[in-house]
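A.B. asks: Place chain B on chain A using the hints.
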Amino acid sequence: MTARVVLVDDHRMFRSGVKAELDDSVLIVGEAPDVDAAIVVIREQRPDVVLLDVHLPGGNGNGGADVVTGCAGVQTENDAPVRFLALSVSDAADDVISVIRAGARGYVTKTISPTDLVSAIHRVKDGDAVFSPRLAGFVLDAFGATAGEIAEVDEELDRLSAREREVMRLIARGYQYKEVAKELFISVRTVETHVSSVLRKLQLSSRHELTSWAMQRRLL
Amino acid sequence: MRVDPERPLRHPRKALGSLGVRPEVGNTGFVSETIGVEGVQRPPLARPTEGRVLAGVCAGVSRHLGIPLTSLRLITAASLVFLFGVPVYVFLWLTMPQSDGPALVKPFDRRVGVPAKYSGERSGGETSGGDQGSGVSRGRLYLIGVPVLVVGGLAASGAIRSVAHLSLTLPLLVIGVGLVLVWSRLGSAERRQWLSAGDRRETRIRTAIGVLMALMGLILLLSQGGGVGRLRDVTVGVLVVLLGAGILGAPFIARFLETLRKEQTERIRATEKADIAAHLHDSVLQTLALIQRRSDDPKAVQLLARAQERELRSWLYAEQAATGRTLATAVTEAAGEIETLHGIPIDLVVTGDRPLGDGEETLLRALREALANAVRHGAPPVSVYLEVGPTSAEAFVRDHGPGFDPATVCEDRLGVRESIIGRMTRHGGEAQVRRLQDGTEVRLRMSLDAPTAGADSDGSDGNDSDDREQR
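Quick note, the sequences are listed as chains A and B, same order. In terms of the numbering used here, the first sequence is residues 182 to 401. In terms of the numbering used here, the second sequence is residues 1452 to 1922.
Isolated chain A (complex conformation) (with noise of 0.2 Å):
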């Protein structure tokens, strides 16, 4: 099933590389090339899944944040969120983390490969979570799991649990979902589970290092 796509990037340049690389699996149906575009265009066209940028001119000057806040409550025909995939170039963790919290699905570098990218777009419309190894290992960081701190429950927002840091951790080392299953011994839907549930605490949480860890480290 093709998923409907809408680009926004301030770049054309780039906008017309990403179309070039993606396959038929993806139709992209929209771009846009400012905060204010972005929204009319998603508004119009209820893609699937957004590509987005996280520097953007116009909005609130919050950038890709903007348009997800802007597009809250925008669905598909057939009633499924718009669902957000950031894609940039920064790897300030400041910007990560304003596009997450404000409610993309997931962040991936401009870096990676086109069928990395096709895969993850497909992951982001089946309302999956994706994680760039980058992000990753900035959760692990922010969530103090580098330093042992693990929930004693797993529906703890502060923390991640033991599980989670794990799936964390295989992702920051480089290994794709079915790796990762493969390595826990667990099925690919539970890793799904684990990834979308420490994007839901990187969005709910509200410890106070997250913010502050976020102001003083850049995320590389």
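Simulated from the structure, these hints should not be mistaken for lab results. Don't take each hint at face value.
Pulled a few chain B residues facing chain A out of the computed Cβ check, cut under 8 Å [to be verified]:
# : residue
1 : GLY1697
2 : GLU1709
3 : VAL1801
4 : THR1802
Just so you know, even glycine gets a beta-carbon here, dropped at the ideal spot from N, CA and C.
C.D. replies: Relative to the frame of chain A, chain B by itself:
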């Protein structure tokens, strides 16, 4: 003599009148000015370059306040003759900025010449009849001006007669200075903001206090008898007057500081911009030129692009100057070097950090070796994950090559095993080479709990080139 504050207070009072004292409160004479501020944009208080007689003070004031120019000039001339106008004129001359635009002076003498636009905006019956054109009519100007002249003249002669009266003129001058400054420096938007509904209460209180203080000071000054307590009276009077002027002048001071800060920020920004331009020129543009020249060699192009990206990234997102080298920075550096050397991109993820010690150094060397192997024998993508915990550090190097089985001892790999696994175990760490379905993963782990005993003095120490030679 009694009333000689009249002249210095002329501007202040005008300012107050247009500033906030509502029509019903204020003197009727100033009603039109109140409307003037809110309705029409006042031209800035500045000395025009054309149409001036002496320094353009009169022309500027006339333009700003909408006072008939010729009448104002006459009054000013008279006040100059009586000498008391000299300080006021000189002060205005010094403080009024010269307007750099073409002369926009509209002589306000002729109400006929005033554009209909102005009279149209001046709606309502609040204005006294016939005064629709400009701020102050000629008749009213004389009404105010002539008494001021008389009183001022008297005061001047009085002041000249006794130098002691300096204590009297000085505070008055200070009030005048403060108020004129406040009025002239506030932009029209700020003036409006100053009067805006939001903080009108505050404005009113401030104005009231200021006026009260000024009046109290004046009363004290004027009622001084010349007795023993005179000095004290004068001091108190001056203080009170200064305080009043200060309260009235507070917005000016705030604005002045604000402007200063803004200028500073702008300067910093300009410097930064110049820095960025210089940097982009030295690095990015040069690399782009190189890339264009070597466009037939994709590998070289990729290498150049990656190196440039890394360099630019470290420059853009550089963390604040770290105190000494840390494990994270050292690993980042090593990965960059190997990437440049072999032209294969390495994805590096680092979490946590700690200063570089012996154990870390060992880990770094082993990691470097593992990375070099991954890019040489494996296939991209090559990824590195370094996790620095409180008691240990772990590193994973992964490639997607055909892989090899560490069990099948191969001559070629012996050196690798020696310099990675051997080195790690010798220093209290551990290393594993795992063969995955898709590629190879080297896992390095170093306990950093206790400082590693002994320096790296064994054979594998020294430069890594030796290790490579052995292989």
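A.B. asks: Each hint needs a verdict: does it hold in this structure or not?
C.D. replies: A quick look at each hint next to the structure:
A least Cβ separation of about 38 Å between B/GLY1697 and chain A goes past the 8 Å threshold, and the interface hint is therefore violated. Given hint, B/GLU1709 at the interface with chain A, is violated; its Cβ is 22 Å from that chain's nearest Cβ, farther than 8 Å. Proximity of B/VAL1801 to chain A holds as hinted, the smallest CB-CB distance being about 7 Å (cut-off 8 Å). Taking 8 Å as the C-beta cut-off, the interface hint given for B/THR1802 holds, the closest approach to chain A being about 4 Å.
Hint compliance for this structure: hints 1 and 2 are not met, and every other hint is.
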